[in-house]
Amino acid sequence: MKHRDIDGALVSVHYTRVVPKSNRLRSLLGDNGKKPTDSICGAKFEMEKDAKGAEIQKHVFTHYVSLTAIEKTISNLKKVVAIIDEDYHGTIIADDIEKIGKDKVYEHDDEIKRTNFIAIILDAYYVDRFAVDMSGEEVAEDTIVTIYKTGIDTKQLLQRFGIDILENKIIDETTLLLNSGQMQTLYRRAPYLISMYVSDFTKINREDILEEKSSQFHEKAMIPAPEREPIVGVIDTHFDENVYFHEWVEYKNMLPREIDLEKKDYYHGTAVTSIIVDGPKGNPTLDDGCGRFRVRHFGVATYGGFSSFAVLRFIREIVANNQDIKVWNLSLGSPLPVKDSFISPEAAELDRIQREYDVIFVVAGTNTPDGERHPEMKIGAPADSLNALVVNSVTMEGESASYTRQGPVLSFFHKPDLCYYGGDGSRPESKIAVCIDELGAVYRAGTSFAAPWITRKLAYLINVMGFSREVAKALLIDSAAKWGANGKISDSLGYGIVPKRIEDILHTSDDEIKFFITGTTEDYETYNYNLPVPVVNDKHPFYARAVMSYFPSCDRNQGVDYTSTEMDIHFGRVQPNGKLKAIDDNKQSEEGQAMYEGDARSIYRKWDNIKRICEKLKDRAVPRKSYASGMWGISILTKERVTTKERENLQFGLVITLKEMYGKNRMDEFVKNCMAHGWLVNRIDVQNQMDIYAQGEEEIEFE
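Just so we're on the same page, the working numbering is the position in the sequence shown counted from 1, plus 21.
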């Protein structure tokens, strides 16, 4: 293999475990040591069997390594081996390494520095083997491919292998569109460059399992003219401007004029927009109390199929030119399942856009291609977007729909986030009434018709109530999960079904205190230890839960290590020693604590961008001890995967709920406590916020 074509090699490093077994070993490396993740290009998990046949999960990092670095590493390894043979009779143990770290005198400084010596020993302990990463299968069709980062300009790199690519075929520095001939050349000459790939052709899933006409949408007089209602963005197939609510929709065809559109090219997009504008009219049982919304509708696809690459370019252009819109609905999806260790280019682009433009996408969880039940079928792109709010569908009875597909994404991140009513079955009343043309209503089922209802709620929370996208997302997830078990996340239903009425998301019961906190992480730790939770007889008679949402940068080249930043939340009572008694006993960031990464991911959702912790409601109430300060607190520890990277200042939204164990209302007491500690407290009044929004959108006329 001619690695000299790129002056280096892409080396896969296979680790048996990620977190050291010994606390002493882990601490010896220190803040100045180079860690395996410092130069990650790609990562994935592999399952292998040990000598006894038990499965072991191994973390595989793929780096681009220059030939100079390889030669230097081999030289350093020889020096380390020589020192171990000379001073330690060929075997070195943890006690020896600890002694080296503490000794003031290190005899071999001229041969290799102390920190480098220790780092090499530790890496040798955990590294299972090295290999050259290779693409697993040849692809002979137009493909969106992501190559590993090499530090070389993508166009120049590909030209070395005889592949000339136009600028308009490049999505970002490592993701591009190759035709079948170019893809075969890349596979033949440099398969080790291929990180991820996906065929560049998908088609919209058919969701018209049953259609029945109705006259309920026919009368134009049934909807008033739009005024200053919030605007929601829709990216879909096209919009029929002959429907009764056309004045509420601003439509733009993004496809080239030479593409002739057929009538069915308008059905899907018009149906989705009809729910956002006026969904409760045809579905009174799903009336959410959110009112109507205006829609700016962009037609980017036809009914039969569309180019993923073209849609990717459209989405960035559309969002960049419509920055007044904060909430977007995307109900297009691929029938192809996402791969275990891959993130789709569509999802990766959505995640980048949401970080760059402070917007949020509501994405349909995609249906099975034939509408039948396939329990093991994974969701399709772009429903693997981590920053987006991904919605799956349930029947009108609240059961998982027959066409539902499931997560997780990248073997770990839970998608969908939540679910809503999208219909199922053969009867009209078991489906969603939508408008597709001027003739009336039809009844359809699918995740495409569940997602717009969540879009309405999200737009209400952001545009009318004035919440940040982080708080709005956390509120929806909190409302779906309720007091469900901590860590209970369904691969098909996410955190659960969102309540129908918007007031059920915003209002709390008499025995609950709900409040939210927003902030920006500027340092390693962001904290507040002054939450004055009411004390009764030296006890805190409350169960507690919290949901936190944030929008990290994501990097498709990092594979399963996709998110670049983690916010690790600790929430609970403040102890006399100044530490928090976390409600989920989270100690993963405490000094002297060691935990395997698999456990941290499972228990504490390590690296996930949604954190939810919840105490279990018990039949026998046992109030918590009130420590000397009587305070509760939160601590958010911010970690970056790549330590050489500059720390991001990320905004977060945190929703906290306290439930009084004996059913008493202690809201007034909590508010008074907050005000006594200098907090500015604003109670949320839904009707008042609606009035404020309406007045704020009025035009002022000058005489």
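In short, the hints are calculated from the structure, not lab data.
Cβ atoms here follow ideal geometry from the backbone N, Cα and C, with glycine treated the same way.
Don't take each hint at face value.
In silico DSSO-like links for lysine-lysine, alpha-carbon gap of 30 Å or less [claimed, not checked]:
#, residue 1, residue 2
1, Lys347, Lys627
2, Lys646, Lys535
3, Lys608, Lys509
4, Lys79, Lys608
5, Lys535, Lys560
6, Lys535, Lys399
7, Lys503, Lys602
8, Lys123, Lys134
9, Lys637, Lys503
10, Lys660, Lys639
11, Lys399, Lys285
12, Lys600, Lys685
13, Lys73, Lys360
14, Lys509, Lys285
15, Lys637, Lys535
16, Lys360, Lys302
17, Lys600, Lys560
18, Lys79, Lys93
19, Lys123, Lys521
20, Lys602, Lys70
21, Lys120, Lys93
Computed beta-carbon distance windows for the label pairs [what the hints assert, rightly or not]:
#, residue 1, residue 2, range
22, Gly74, Asp185, 31 to 39 Å
23, Val702, Leu638, 25 to 33 Å
24, Lys73, His698, 56 to 64 Å
25, Ala72, Tyr683, 51 to 59 Å
**Hints not upheld, ascending by number** = Those not satisfied are hints 6, 10, 14, 16, 19, 20 and 22.
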